[in-house]
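A.B. asks: Quick mapping for you: the protein sequence lines, in order, are chains X and U. Per my numbering, the first sequence starts with residue 1, numbered consecutively. Per my numbering, the second sequence starts with residue 1001, numbered consecutively.
Treat the hints as calculated values from the structure; they're not laboratory data. From the three backbone atoms N, C-alpha and C, an ideal C-beta is built for every residue, glycine too. Be careful, since some hints might not be right.
[To be verified] Heads up, incomplete: computed chain X residues facing chain U, CB under 7 Å, no partners named:
no. : residue
1   : V79
2   : Q101
3   : A122
4   : A129
5   : G131
6   : E133
7   : R173
8   : F175
9   : V194
10  : I224
[As the list claims (entries may be wrong)] Just so you have them, the derived chain X footprint on chain U, three or more residues with Cβ under 8 Å:
no. : stretch
11  : 1127-1140
12  : 1153-1159
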Amino acid sequence: MINKVVAGADEAIKDICDGQTLMLGGFGLCGIPENCIAALVKSGVKNLTCIANNAGVDDFGIGLLLQTRQVKKMISSYVGENVEFERQLLSGELEVELIPQGTLATRCLAAGYGMPAIFTPAGVGTEVAEGKEVRNFNGKDYLMEYAFEADFAVVKAWKGDTAGNLIFRSTSRNFNPVMAMAGKTTIAEVEELVEAGQLDPDHIHTPGVYVHRIFQGNNYEKRIEQRTVRQKEVGSH
Amino acid sequence: MLDKNGIAKRIAKEIKDGYYVNLGIGIPTLVANYIPNEINIVLQSENGLLGMGPFPFEGEEDPDLINAGKQTITTLPGSSIFDSAMSFGMIRAQKIDLTILGAMEVSENGDIANWKIPGKMVKGMGGAMDLVASAKNIIVAMQHVNKAGESKLLPNCTLPLTGIKCIKKVVTELAVLDILPEGGFKLIERAPGVSVDFIRNATLGKLYADDNVPEMNIE
């Protein structure tokens, strides 16, 4: 079996260059590649274009790369939780392309499926449609949206094996599988790395063919953005 | 006049047994609290979950299990997890029966604006554009007027649009209104104690009202 294992985050991201385009998995702070983001901050690589659903919070996630001004452009669907992001955007320091969340996911999917474009009704009649081709199918208008091209996809999985097969856990799956399929080079960090053969082939979410480098990450903080709980009823245990 | 929970209670009456429902952030989230016990529905969270359960008990929060509002939640028996592309695939393919979301403005043609105030707020559209472009049944839950006292039910939206000709029903603290296929707000129900004239004054878009508009029953 082909072995995709690299020593760690620093090695995995070492050839990411200034000005390149990265996809970063995660939804909010859930399922983000924490180790690779830390390594990117340390590497000082700059002028990055980042395709990610959100921009993290001020002091975690992609917010860390914004603090250090390593990001030239963000392509995201929702960036509401990051004050520094909003400041850089309104001051013009940061270029931002806001696109519908389903469009973002499906442009990744198209790249991973080898399809050059998709048609979606999301954004028809809005400023998102400006400059885009509109096609009518069965009486309804659709925008043509191109598959993403990304130099690297950086994703986080729960388990992975040495062959690059990935399994995600709960809603930390989110954008990770579709981005994993879409990078020219895909880097996966996992909480638990096992030998090929240890994962049931029936349970694999992302086949190793899409993954070029894999390593076991460490010290996952898994910060919770909105901790919401309910109280146990009196008398229950 | 209704409070936020009253709006949520009234919207809950629109939900039918067997529905798959996507609830937006804000008042729509409250709707989940008022689904009658005898009605079985499945809540979709567009970050990749069908079968969203209540908040976890304190100490049982799982950082890997959140809803689209980034809140910690739980799953239920029968829940399923999927990636973001499939999540919006089922939305686009109209597998979700009902979408309930908030709005800053709704026009008498069914246009909606809820994602951007130029120069002030640029949080992004998230999944709202996908939802309104594809959902077969969308209810908007919102206040009838904004904080400045201006009507949010307009002839045309003034803010950047989220979607066009897609909203069919609006529930506010004052009224339930349908948006007619030919344009215009049709007053269906009044909030308890609110007159048609009061609603007319709070509605800048075209308002159609019959002689006897019933009061809502939210109990």
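A.B. asks: Output the numbers, in ascending order, of every earlier hint that fails for this structure.
C.D. replies: The structure conflicts with hints 4, 5, 6, 9 and 12, although it agrees with all the remaining ones.
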